[in-house]
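Student: Residues per chain, in single letters:
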Amino acid sequence: MRVAMITWEYPPRIVGGIARHCEGLAKALTQQGHEVHVFGLDFPGAPDYEEQAGIRIYRTRSEVGHPNFLTWVLLFNHYIEKRMADTSKLVDFDVLHVHDWLTAPTGIAFKHFARKPLVFTAHSTEHGRSGLHIPDSFTIDGLEWWSTYEASKVIVTSGSLKGEVCGHFHVSDSKVEVIPNAINPTPYEGSVDRGAVRARWGIQPHEKLVLCVGRLVPQKGIEYLIHAVPIMARRRPETKFIIVGDGWYRDHLEYLANTSGQRWRITFTGFISDWDLTALTKSADTMVVPSIYEPFGIVALEGMAAGVPVVASQIGGLTEFIEHDRTGVFVYPRNPESIAWGIDHVLSNPGHAEWLVKNAREVVRKTYSWEAVAKRTAKVYKEVIG
Amino acid sequence: MSLPSQPQVPEEFRVLSMMHNIGAVTPERSLTADELAQWTGMDPATIKAFVQKLREEGYVEFVQVSGTEKYHVTRTGIMKVLTLYS
Chain R
1212 MRVAMITWEY
1222 PPRIVGGIAR
1232 HCEGLAKALT
1242 QQGHEVHVFG
1252 LDFPGAPDYE
1262 EQAGIRIYRT
1272 RSEVGHPNFL
1282 TWVLLFNHYI
1292 EKRMADTSKL
1302 VDFDVLHVHD
1312 WLTAPTGIAF
1322 KHFARKPLVF
1332 TAHSTEHGRS
1342 GLHIPDSFTI
1352 DGLEWWSTYE
1362 ASKVIVTSGS
1372 LKGEVCGHFH
1382 VSDSKVEVIP
1392 NAINPTPYEG
1402 SVDRGAVRAR
1412 WGIQPHEKLV
1422 LCVGRLVPQK
1432 GIEYLIHAVP
1442 IMARRRPETK
1452 FIIVGDGWYR
1462 DHLEYLANTS
1472 GQRWRITFTG
1482 FISDWDLTAL
1492 TKSADTMVVP
1502 SIYEPFGIVA
1512 LEGMAAGVPV
1522 VASQIGGLTE
1532 FIEHDRTGVF
1542 VYPRNPESIA
1552 WGIDHVLSNP
1562 GHAEWLVKNA
1572 REVVRKTYSW
1582 EAVAKRTAKV
1592 YKEVIG
Chain G
659 MSLPSQPQVP
669 EEFRVLSMMH
679 NIGAVTPERS
689 LTADELAQWT
699 GMDPATIKAF
709 VQKLREEGYV
719 EFVQVSGTEK
729 YHVTRTGIMK
739 VLTLYS
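As you go down the protein sequences, you meet chains R and G in turn.
FYI, in the numbering used here the residues of the first sequence are 1212 to 1597.
FYI, in the numbering used here the residues of the second sequence are 659 to 744.
In isolation and in its complexed conformation, chain G is listed as follows (with noise of 0.2 Å):
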């Protein structure tokens, strides 16, 4: 049995699984909001209030590199991630 119709997937949740599945999963690999911009296609203004939204949630996390803030997926957001294909 089918579902008859896909719900939307919420603007930040695809921001996330995008940040997800470029590698930006650990703070090593973090990245600045102008580098997911650039990854993704999207605003830097528009990642940036997603990721804020996604930071408050506990599914994203920042590290400070020479002033600059880099993000990064965390545990719970990989897993937050997961539960659209699993």
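Extracted from the complex, chain R is given alone in its bound form (with noise of 0.2 Å):
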């Protein structure tokens, strides 16, 4: 099948689990003998057009930008739609698939425009991200709608956001297919030097390390980690913390961190490269995702397939990946006593975390593919294309 893919977020562009989701859906495709063709936006540095391992890679730059965010993407649609325009002069497409709401008018259009079924990958929603507060929401919110309207076939990363979207959108149950995020596990294989790692981010050999990764935005819970760090502080001196990612919220975490008489043992390292975020991960005692809101949390099952004993909240597609007390250990969204609690118990016992860790690595290595993922999408697209 000749598969055009359209999605803000693609490497070198990554923000969240979009890119990440689209690369290796686009790999495992390929690799499946399928012909896809991704759609973007630019990013400097990047070439406009490349091929990676077969995959046909078009970043598009808009020309005419604007400093309010949505008019500023619906002219990046048109210039996505336009290169696509261009492109099927040459390429049939057989389906079209759009990744969260950001190109979905691109999509939408295209459908009519080319007379090709649509699927559209819902990967959260703007109800569930920030609530509807603010007029942009609502025009947010009525865009998702909109693509859940249009497409053939709605694919969600967990049954919580099934939920969510067949609730809020009122899209019919069988319209819409649970296909799991995935990982690559190849990068966590190799061996890092643990002890070198831990000393490059000032951690001592005696030291605990809570390691978080994620965009510092208020969904992710991390405020309610921070206030955690006393706690533990109290019950495990020897604990430090490293926060990776960055965001629009980093200077308020920032400010917690602050004032929480902790803030030593705190690192906030921003932005880092996959290399060193792989060998924090696999050099950490302990990761936790605090998160309020998660559709579907790609970061834990990144940290079970590094080896690392992963402490979670209790909530959205967290808990259709992690057992507690099985494959990771669960604690209450928004409490930071129960969440020091979590990393208390993983670190007070070695053995039980160590079996954790074999656990989880075991369901990762046979639930979590790309290979199965990309089977489970072709056959939606096959039922889309009829």
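Worth double-checking, as some hints may not be accurate.
[To be verified] Only part of the chain R face toward chain G is listed, based on derived beta-carbon distances under 10 Å: (1) Ile1225; (2) His1245; (3) Pro1255; (4) Ser1273; (5) Val1275; (6) His1277; (7) Arg1426; (8) Leu1427; (9) Val1428; (10) Asp1457; (11) Arg1461.
[To be verified] Where chain R lies over chain G, by a calculated footprint (3+ residues, C-beta under 8 Å): (12) 683 to 697; (13) 727 to 740.
No wet-lab data here; the hints were simulated from the structure.
Just so you know, these numbers come straight off a predicted model, no measurement behind them.
Ideal Cβ positions, reconstructed from N, Cα and C, are used throughout, including at glycine.
Two chains, two frames, some hints: make the complex.
Tutor: Given below as structure tokens:
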């Protein structure tokens, strides 16, 4: 099949899980013999067109900008649509696959122009991410509804998100397919010099490293982890915390860290390279995922693959691949006391933590491969093509 | 489940976001503080103060063109902007 994948995030333009999802899916589909064309936005230093392991990647520059985000989104959609129209003179796509609302206008317009079936993957919803408090959110919510309406099939990454999409947008159950995220285990299979990695980040041999990775935005619940730091400092004074990622909420989180009385225990790294992130994950004593909204939670899956015991909020998609006290440890969301309990539980029982890691790795290896995701996605494509 | 209320987005982040949305994302597409003020409808002095802070944090860089500083969002700055919507 010839697939047009339309996404605003594709490496090296990486923010959250969408870029990694699209890359993993595109690679696996290509390996299974499908022809994948990825349409997305430009990024400084990345070529306008390239082929990577058989995947055709078209990065489009928006020639006209606008300070208002939504206006800018509609403008760049026009340019991507134009690029697709040009490409479609040479390539007869079988199916269009849009990831999230940001490129939905392109997919919807092209569906009607080219008379090709549209598949829409909802990675989250505006209602869940931010609530509907401002006009822009209502517009985004409308675009998300429109995407589910126009698509022949909607893919979501968890049962929790399926409930949200069906309930909020009144989409029929049979139209929505749950296909979970996956990860590439290869980067986590190599060994790292744990001592050297930890020393580089200021962690002494006797200290315990608690890692948290994610966009610094409210829905990731990192403020509750920061509130758990003083509790942990009393229970286990040798604990240190590294928070990887960046985002518009960072100033507020740094303010909370500064006023916690435990600032010296907390390091904010900002964005770091993939290699550094893998090395740091493999060198941590535990990974905490304190989200208060999490449609899937791919970072927890990465922690599980890296062999680090995961302590996560019992919420959303996380509840679908973590089993409490067998493959990870659940804590209550928005609850610093509970988060501290979870961290302490893992750090105080190294034998049990090792068992959790062994079980978690097994689950990841068996269930969350891109090969399996691509096969299930291709099945959806076949169904909509008819 | 939705959050009870949306916390305020910092003002300098709004400036960073606007710079990104109007396309000031590469050295050749850099804009002066006056041009940024026109685009965003903000006072040039205010823009300069925000841009200075964003530069210190690594989210904005400048190039000198005929003795004038022109600003653009860095790769890290772009990724930071995207966190608001991704």
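Student: Indicate, hint by hint, whether the structure satisfies it.
Tutor: Status of each hint after checking the structure:
{"no.": "1", "hint": "Ile1225", "verdict": "holds (7 Å)"}
{"no.": "2", "hint": "His1245", "verdict": "violated (26 Å)"}
{"no.": "3", "hint": "Pro1255", "verdict": "holds (5 Å)"}
{"no.": "4", "hint": "Ser1273", "verdict": "holds (7 Å)"}
{"no.": "5", "hint": "Val1275", "verdict": "holds (8 Å)"}
{"no.": "6", "hint": "His1277", "verdict": "holds (6 Å)"}
{"no.": "7", "hint": "Arg1426", "verdict": "holds (4 Å)"}
{"no.": "8", "hint": "Leu1427", "verdict": "holds (7 Å)"}
{"no.": "9", "hint": "Val1428", "verdict": "holds (6 Å)"}
{"no.": "10", "hint": "Asp1457", "verdict": "holds (5 Å)"}
{"no.": "11", "hint": "Arg1461", "verdict": "holds (8 Å)"}
{"no.": "12", "hint": "683 to 697", "verdict": "holds (count 3)"}
{"no.": "13", "hint": "727 to 740", "verdict": "holds (count 6)"}
Hint 2 from the list above is the single one not met by this structure.
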